[in-house]
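Listed below, chain by chain, are the residues.
There are 2 protein chains.
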Amino acid sequence: MKPTQDIDAILRQAQSGFEQYRLLPVSERLAFLHAVADGLEAGCATLAQIADSETSLGIPRLRGELTRTCHQLRSYADAVRSGYAIEAKINHADPNRTPPKPDLRKMNVPIGPVVVFGASNFPLAYSTAGGDTASALAAGCSVVVKAHPAHPQTCDAVAAIILKAACDTGMPAGVFAQVHGADHATGAALVQHPYTQAVGFTGSFSGGKALFDLAQSRPVPIPVFAEMGSVNPVYLFPEKLQAEPENIGKMLAASITLGMGQFCTNPGIMVGIESEALGRFVEVLSEFIASVSSAPMLHAGIATSYRSHLDRALQQPGVKLQGQSGTPSDDLQAIPSILSVSALDFINNPVLHQEVFGPFSLLVLCSDFEQMKQVAKILKGQLTSSVMAFPDECGAHSSLLQTIQDGCGRLVFNGVPTGVEVTLAQHHGGPFPATTDSRFTAVGADAIRRFMRPVAFQNCPAALLPPELQDENPLHIPRWVDDNFV
Amino acid sequence: MKPTQDIDAILRQAQSGFEQYRLLPVSERLAFLHAVADGLEAGCATLAQIADSETSLGIPRLRGELTRTCHQLRSYADAVRSGYAIEAKINHADPNRTPPKPDLRKMNVPIGPVVVFGASNFPLAYSTAGGDTASALAAGCSVVVKAHPAHPQTCDAVAAIILKAACDTGMPAGVFAQVHGADHATGAALVQHPYTQAVGFTGSFSGGKALFDLAQSRPVPIPVFAEMGSVNPVYLFPEKLQAEPENIGKMLAASITLGMGQFCTNPGIMVGIESEALGRFVEVLSEFIASVSSAPMLHAGIATSYRSHLDRALQQPGVKLQGQSGTPSDDLQAIPSILSVSALDFINNPVLHQEVFGPFSLLVLCSDFEQMKQVAKILKGQLTSSVMAFPDECGAHSSLLQTIQDGCGRLVFNGVPTGVEVTLAQHHGGPFPATTDSRFTAVGADAIRRFMRPVAFQNCPAALLPPELQDENPLHIPRWVDDNFV
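Going down the list, the sequences are from chains U and R.
Numbering-wise (my numbering), the first sequence opens with residue 1 and increments by one.
Numbering-wise (my numbering), the second sequence opens with residue 1001 and increments by one.
Treat the hints as calculated values from the structure; they're not laboratory data.
Treat the numbers as computed from the prediction; the structure is a model and nothing was measured.
Here a beta-carbon is modelled for each residue, glycine too, at the ideal position from N, C-alpha and C.
Accuracy of the hints is not assured; some may be wrong.
To be verified - Below, in silico cross-link-like pairs of lysine to any residue (SDA-like), each with a Cα-Cα straight-line distance of 20 Å or less:
(1) R:1101 with U:251
(2) U:380 with R:1217
(3) U:101 with R:1067
(4) R:1101 with U:67
(5) U:209 with R:1213
(6) R:1101 with U:414
(7) R:1164 with R:1043
As the list claims (entries may be wrong) - Cβ-to-Cβ under 8 Å is the rule here; a few derived chain U residues that face chain R:
(8) 106
(9) 250
(10) 369
(11) 373
(12) 414
(13) 438
(14) 459
(15) 478
Claimed, not checked - Listing some non-contacts, in silico: residues in chain U with all C-beta distances to chain R over 10 Å:
(16) 6
(17) 45
(18) 58
(19) 59
(20) 153
(21) 163
(22) 172
(23) 203
(24) 204
(25) 273
(26) 277
(27) 308
(28) 446
(29) 454
(30) 473
(31) 475
The shape of chain U in the complex, shown without the other chains (with noise of 0.2 Å):
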């Protein structure tokens, strides 16, 4: 099957838009950036209606994202700004050395179009104007963005507030471009056309998996950095949670239900140790659950495959229901639930590993640190793992945190995975299937390095190097210079 749109000549435009863009004084990419935001602020109310008709997320949660949206961009920006992401390196030349040692001189630049597929869990801060669009724009990259099926009128809205904020900031033609189609030709086309450099993407795992694989088989293989699934584990350690069940269930019972659990980071396992304590805690966690308002899923198919991965977890050996929000007003919306089994029926079972998108969460029952351990080490690469625990009991099972650490990109203490902060030191990019390249964040300005490349300049005359690996760094950025930070 064929995409209905012309891709060919939307990637010509990224190509020539990108070619444009690149070249402009970083000052120039900085001030669109925060046009867009700007953008966007002045339009909140409006998006954020829109968005709500299609999402159901909610006006607050929505303005709540739309400062996120905002952030991104800016802090961003300013990132590239501070000549963090250039990663300036200068080697000066030894003429006196045998054999003579070279000037050189290296920079990260931008790859090229960036193709994104935005996600149907944040219309705003990860879909056209997201993270991965930000981080591609403040790279110096061009943007395609497929927009999102479930939020058309949400991703048009924010595109036109982008095209309007590159018209008045004097952008090239094709440094941001957003195609429709839901079907499979158009997104296959964007990945495998050859201007294309890289790809973002936020969705399931057979989603994310399918790109990587057309991207890998290309004639020239472009990165991929897909976030799919994650089931969050949670390992709640015992002296802890006999010190405050109550408050590690009311915690992890507002995390669970959170936006209805449609986070990648909802918790969606937790394991822990047979006590009177973890009795306790289920109480809790039941209680609060049952008193959750159901509330509508973002579309009619999530709250489907919702319903349909509940009732396949309930039917598993060994599986109970632990705790339940009351029957639903309709179709659309969720029940939050808690479930529970033993830690054999859950080795032995994959079922039970995979995510439940939604409010939902599986208790995993051990008799001891051992077996804790063997859960840790069955499950897979994970965005987050989370460890309630007080620090002497993790000094007593270093084995079982290193254990832990090897599985997720961001190790927690003490909280909860859902709340990812947008910040330097943030990670948001775990082994896989978490993601497909565990080396790179999706949040925080890290971000922008999924997008660059290194390029060394040997013995460049004076007069063609740029601004950025110049002597009298007139950038005045952070720089290695001679094996010193300066």
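Using the hints provided, position chain R relative to the given structure of chain U.
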């Protein structure tokens, strides 16, 4: 076909070795790398002799290569001690913000066992104890080397020195291992083993691409850093050539024939604009080439391949022989050769774009800068590109220069591509097909980053933080703290 060795047992030991090795204080890891370098230096005379008997590269070159090998081991170790490769970042908590901002701390950690395929043309610096092994061990990974079948005794002698150094410095069993096997099954089993976390490879496009495809089709794909073919084009700008035809001719002739052309950065294509100066340049080049004594190549297979590729190039439409050395004394020797062809014949014939591994270079004759740009556009990704030009000439043809830069990882001005300085600002990693990942270098301390991934710790109790992320900074490493470099 099954590999003859028990690859599973070797990788199990590599995993167990990794789990202990990564926990050692950095100082102990570095003592090991320095001990390897000391052992290589102590065995220099013997190693050079063994390597010469297997590669015919000559004692002086091999002694120089051993010095480079030791420099890599020591400087990569020092890069880890200086904290450069760790990329530590700290963002402190802000409990007064709404919602409260968590404490986040991120650093790079080693990824696990690394499989290394050494190069035939660098039996020391890019083989058993070469750049890939040095950077993986410096990162904290264990290493399994697939010995190169063209110099098995050199591999064994070097492996014995590594294993003795590991024993002397108290390293865990499994930190290093080497396996032999000329069959593809051994290499495939190493790449496909679930404990293998990354692959380093230096060699042919067909070999590197096959390993890349294998690694991407694993249930859990892993990164492959394959450094493959490159023709390293040299662009001759007319004013510069007019000013120094002899100098440039001699410089290139020396680069083309250095080590019988058996370097990944050998200048295999030269691109010039027809003029009187170009004629003089060709004369000088041809005279020099005619005067070069033939020397044996690495092994019979490479010599046979060189002859057949040279013959094939000579049979292409429009190709002329411009200069050649005398008839060699035996089949192991190569005939250094300079060919020429018009830009039109070149552009239309992909056979001529391919690397001819050996003392070979093809001069592409353009009518003007426009045609030179067409040639630059049609060439695929390269490790290096070189420009012989005055700054003013480059300035007047900035679009051509940009096209040249887009195609390479290192851009050399008024010099030759051979000679790859081991330094922080080096980038030895061009766009595909020069390498499988243009974002990472195989030479210089940044090579260590290939074998690490970041992990973020959220609200981690001080007692559990690794030293690299403790507030007191006991290792005195450079870090980004609250977005400032300190």
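Hints, verified against the model:
no.	hint	result
1	R:1101 with U:251	16 Å, holds
2	U:380 with R:1217	17 Å, holds
3	U:101 with R:1067	15 Å, holds
4	R:1101 with U:67	15 Å, holds
5	U:209 with R:1213	15 Å, holds
6	R:1101 with U:414	14 Å, holds
7	R:1164 with R:1043	12 Å, holds
8	106	4 Å, holds
9	250	16 Å, violated
10	369	17 Å, violated
11	373	13 Å, violated
12	414	6 Å, holds
13	438	5 Å, holds
14	459	5 Å, holds
15	478	5 Å, holds
16	6	23 Å, holds
17	45	21 Å, holds
18	58	17 Å, holds
19	59	18 Å, holds
20	153	29 Å, holds
21	163	26 Å, holds
22	172	15 Å, holds
23	203	18 Å, holds
24	204	17 Å, holds
25	273	20 Å, holds
26	277	20 Å, holds
27	308	25 Å, holds
28	446	8 Å, violated
29	454	5 Å, violated
30	473	14 Å, holds
31	475	15 Å, holds
Against the hints set out earlier in the document, violations occur for numbers 9, 10, 11, 28 and 29.
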